[in-house]
Amino acid sequence: MKNHEKTATDVQLPTVCTPGEGLRVASGGIVYRFLATKAETNDKYSLFEATLRPGEGSPFHVHSREEEAFFVLDGEVAFYTEAERVPAGPGTFINASIGVVRGFRNETDRNARMLILVAPSGLEGMFLDDGTILSDPTQEAPRGGTECPVVAGQYGIEVMPYDLPPV
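Heads up: the sequence shown begins at 1 in full-length UniProt numbering, then just goes up one per residue.
Hints were generated in silico from the structure; no laboratory data involved.
Glycine residues also receive a C-beta, built at the ideal position from the N, C-alpha and C atoms.
Don't take every hint at face value.
[Stated by the list, open to error] So the derived label-pair ranges between C-beta atoms look like this:
hint, residue 1, residue 2, range
1, Asn42, Val167, 37 to 47 Å
2, Leu13, Asp163, 41 to 51 Å
3, Arg85, Thr18, 27 to 37 Å
4, Thr18, Tyr162, 38 to 48 Å
5, Ala39, Asp109, 16 to 26 Å
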């Protein structure tokens, strides 16, 4: 079926999420604002805006189900593989494929923001299972949060038994 032959029931309407909208969840010391989830994308991808306070991030982990891509909007985030550290400022894009061990951390003294895209969708379930819904849009994630390896494992993610290098 060509695009112009589709009916209104075949086509999903565009998702619009203005700056004050989107469910906000604190998980693992990071605030995730849900921009597009499996419900809006027919399970194709999920998109989140992540806000990381200084010192916060994600430990070394590996995905078995989805590709993960990052686009830094503001601040600087240090991305790690087992082999290297990549400092990423505004405008930097990083793609981490299935099976690649990765981690990241805000190593500066100010908040950092980035977009995180995962395909296929579904990781919003992990953030909801492991985190707390924030009703106040100015509320930050509690300091020192950690991803729960048990919850992550239920979503095909293995949290590695070793830490990111010291800052």
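Each hint, compared with the structure:
| no. | hint | verdict |
| --- | --- | --- |
| 1 | Asn42 with Val167: 37 to 47 Å | holds, 41 Å |
| 2 | Leu13 with Asp163: 41 to 51 Å | holds, 44 Å |
| 3 | Arg85 with Thr18: 27 to 37 Å | holds, 35 Å |
| 4 | Thr18 with Tyr162: 38 to 48 Å | holds, 41 Å |
| 5 | Ala39 with Asp109: 16 to 26 Å | violated, 37 Å |
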